[in-house]
Amino acid sequence: MAENFKYAPQDFKSDQEVRWCPGCGDHFVLNAVQKALPEVSHILNYDIERYVFVSGIGCSSRFPYYMKTYGFHGIHGRAPAIATGIKCANPTLSVWQITGDGDALAIGGNHFIHAVRRNIDINILLFNNEIYGLTKGQYSPTSKLGSVTKTSPFGTVEHPFRPGELVIGAQGKFFARSLDIDVKLTSEIMVEAAKHDGTSVVEILQNCVIYNDRTHGVLSDKENREDRVITIRHGEKMVFGKNRDKGLILSGLSLKVVNIGQGGFSIDDILTHDAFEANPGVHMMLANMTYPEYPVALGVIRNVTETTYDDNVRDQVLEVMKTAKIKNVDDLLNYGDTWDV
Amino acid sequence: MSEQKLVLEIGEVVVRFSGDSGDGMQLTGTLFSEASALYGNSVSTFPDYPSEIRAPQGTIGGVSGFQVNIGSTKVNTPGDYCDVLVAMNPAALRANAKWVKPGGMIIVDNDTVNEKGLQRAGFKTDNPVEELKLQDFKVIFANISNLTKESLKDTGLDNKSIIRSKNMFALGMVYYIFSRPLHFTEKYFETKFKKKPEIVEANKKVLRDGFNYAANIQAIPNTYHIPAATSIPKGKYRNINGNTAVAWGFIAASEKAKLPLFCGSYPITPATEILIELSKRKDLGVKTLQVEDEIAGICTAIGASFAGNFAVTTTSGPGLSLKSEAMGLAVMTELPLVIVNVQRGGPSTGLPTKTEQSDLFQALYGRNGECPMIVIAASTPSNCFDYAFISSKLTLEHMTPVVLLTDGYIANGTEPWLIPSMKDYPEIKAPIVPEGTQNYQPYARDEKRLARTWAFPGTKGLEHRLGGLEKDFTKGTVSHDPMNHQRMTDIREEKVKRVQEFIPQQEVFGDKEGDLLVVGWGGTYGHLLTSVQKMRENGKSVSLCHFNYINPLPKNVKEIFGRYKKILVCELNMGQFANYLRMNFQEFNYMQFNKVQGLPFTVIELVDKFNKVLEGK
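Line by line, the protein sequences give chains B and X. Using the numbering used here, you'd call the opening residue of the first sequence number 1 and step up by one each time. Using the numbering used here, you'd call the opening residue of the second sequence number 1001 and step up by one each time.
Keep in mind the hints are simulated off the structure, nothing from the lab. If you're wondering where the values come from, they're calculated on a predicted model, not measured in any experiment. Wrong hints could be hidden among the right ones.
Claimed, not checked - Here are the computed distance ranges between Cβ atoms for each label pair:
no., chain 1, residue 1, chain 2, residue 2, range
1, B, 155, X, 1290, 33 to 43 Å
2, X, 1555, B, 316, 39 to 49 Å
3, B, 19, X, 1558, 43 to 53 Å
4, X, 1480, B, 335, 47 to 57 Å
5, B, 11, X, 1368, 31 to 41 Å
6, X, 1074, B, 335, 20 to 30 Å
7, B, 291, X, 1480, 39 to 49 Å
8, B, 11, X, 1290, 30 to 40 Å
9, B, 169, X, 1491, 44 to 54 Å
What the hints assert, rightly or not - Restricting the straight-line Cα-Cα distance to at most 27 Å, the calculated cross-link-like pairs of lysine-lysine (DSS-like) are:
no., chain 1, residue 1, chain 2, residue 2
10, X, 1280, B, 325
11, X, 1460, B, 68
12, X, 1280, B, 322
To be verified - Derived coverage of chain X by chain B (criterion: at least 3 residues anywhere in the stretch with Cβ under 8 Å from a Cβ of chain B; other residues may be distant):
no., stretch
13, 1037-1046
14, 1230-1240
15, 1243-1255
16, 1302-1311
17, 1448-1461
18, 1467-1476
Cβ atoms here follow ideal geometry from the backbone N, Cα and C, with glycine treated the same way.
Put together the whole structure using the sequences plus the hints.
Have a look at this one:
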């Protein structure tokens, strides 16, 4: 199939030297995006000049320089606003925002929630390493309570944001999660994000090898990963585990992990994932699952259709123009009360 | 029948309408101004309103005012002091009595002069005339509220609607005093309330009853006639305020540049009306985004500019502070963008509804790093159109952002405007890169303007990356090289300086040389011009050098300054332009006249100052 594609991953690589630390999770994500775009281009019939990568400030925000597409490296936290302007100015563009947990959820929190609320058709890739890397190791809004960092030598005393909860709380229509080292899954999610009309937020659990190594270690550990994460796909049973013998059921008002074939639970009792369900209840619970009580959910958790902001902006202008009495500036200057001297 | 009253023919008259914020004084003033303009007078207006939408009724804090100057020759200011004051309650009287000319006429709604009203306005006695020492003024106590009720009692309107019409009764009285025809305002009612004929009739009736009442009472000793102006250029006119003019100037530029107009903004007094007007102009394809904050306002605009729209953002002082970092991004990425700052009293929240010129340094320097920007200041309500157009042309052709400064006074003030024709405005040619260009270099420059070129995302083969990091001089990729940073800083500076070659020479009103050169900039023009005219009528050697181009300054400034014995810089701040001039032309001595009261200059205080300066005091 890939041989039918117009582009190869190589076509999206710029001539700039990639300067992230060796072993940084960002390398994996860059690979996943460059791997996904040929498929996105194939499915959606996009040429390379339609892509724009926009970022704020932080390690991940260097991303646009490494892409051979249009790119804009903005200022700290403001990428959602810049991306909104780009998309509204030209809705035919495929706009991708690259951001980190500090950029998106601390300094840029306001722009982030409003982009999600408006449902502007951009794809936000949120690299979550739970630390400030570029400023060399201060805690972020997603650092776990009690995290010891340079600015919290005795541990943080604040509760972290859970990005999925925030997105759904802001009426988000698309939320997915991946793990940096799982390039195949990240790439698959990128394609889904691109296909979704509206704000698609993809949280990537990403490792900072220097300042917060192994913050997602329990999940990336190859030996036990399959027992600690669940990869969910629309229409499929929520099953996980090395032996595919564990699953999720709804027990009362909560999700519960059960062993299939034990305690009277069969595969029929296991929930089937419905990413298209408008009611955010189950999606919120899936997004909020944390290890060890639950496996951490990966994959497209929520994927709901709704009109987009950029379409609405454009359509309203076109609608008004259709019946406009004022056709040009001379009309404008001469309309209303005037008099002759 | 009343006896024939004395009609005084005069060249200029100032009227001030004042009342509670909810009394409709802005509308009353606007209708009087429009009727006068339609009659053929020259008109200049100044609304003066509180920042509270509905401050406690009857208190000084809630008083809203609207002053208008009408003349049979060109008037350039709304006037310092008024000939007639309308005060709809004791608070309005108390707040505005000091603005009435000695011996002037004051009309007060007597139905509000009661214990409660006087107390709320802070009067200590039950005799406001005595307390405010108005014995030498012609104070007319008219039962405006009750007469309005009487006038409309058979119309079937509810009590609230009836009492709300009392401003039209007062307007009717003023129309009588100034011999204004009623039909302009009657036509306004017909258009405004097209679907509510009963409201049209009620308004017409109360306006006429007010007019007749004034004609019948003996308290009004004389009426005035202000002949239509004859020296005004022929043509088609309309009224315009500065905020609307700015919005239309941008739309005009968008049409001439053949680029869609995009405005990212956040509401802030007194700039909001620009966003409101642009939001209405979807009929002309204007895209407006009211976003989550000031920063998003400018950042959406920068994004839209990158993507190939002509982008603007609108704000006032505190909003400009919030936009500073993004303004630097626009300078660094060398994208076209106009940032409008409608100045108000500062610092911090300051005086949101009052005028000031104290953001000049912020516009010039308020950013991190060496971050030069073109700065332009409009100086009258109607020339906001031209300077918005010029700002747009400069940013689009020179590929660097522009700050356009106006202020609360010219933004809200109105004047008649000889409607221009778009065929008289120049084309705007942005350096857009055509598809098919080989080896595109985003930071390559033209030699004349030093502008880089503009490639729109979506164009095949022009993929490039922009950003806030320093760029390599030739390749446009990220560079931390020391000499490259020096070179790029130099070229950004030089690029703005070169704009001097594309703006007109500075002009002087008055003599080529003389005793005193008055220097001003921006919205103080009308007051400075009127004051200088008055000095010259009295044979004094005074000239005016008023600036619209702030950065860069026109080429010939130094040569002008050298021809006068004294230079007096007048501005509504503590001396920012004077200090800017000191920095640029150190060889001259600059005297200063500064005012920061949230109010425009008055002609009286300016003339007084000029005389003192001439006398060496």
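Each hint, compared with the structure:
no. : hint                        : result
1   : 155/B to 1290/X: 33 to 43 Å : holds (42 Å)
2   : 1555/X to 316/B: 39 to 49 Å : holds (46 Å)
3   : 19/B to 1558/X: 43 to 53 Å  : holds (49 Å)
4   : 1480/X to 335/B: 47 to 57 Å : holds (54 Å)
5   : 11/B to 1368/X: 31 to 41 Å  : holds (38 Å)
6   : 1074/X to 335/B: 20 to 30 Å : holds (25 Å)
7   : 291/B to 1480/X: 39 to 49 Å : holds (42 Å)
8   : 11/B to 1290/X: 30 to 40 Å  : holds (39 Å)
9   : 169/B to 1491/X: 44 to 54 Å : holds (47 Å)
10  : 1280/X to 325/B             : holds (12 Å)
11  : 1460/X to 68/B              : holds (12 Å)
12  : 1280/X to 322/B             : holds (14 Å)
13  : 1037-1046                   : holds (count 3)
14  : 1230-1240                   : holds (count 8)
15  : 1243-1255                   : holds (count 4)
16  : 1302-1311                   : holds (count 9)
17  : 1448-1461                   : holds (count 6)
18  : 1467-1476                   : holds (count 3)
Of the numbered hints stated above, none is contradicted by the structure.
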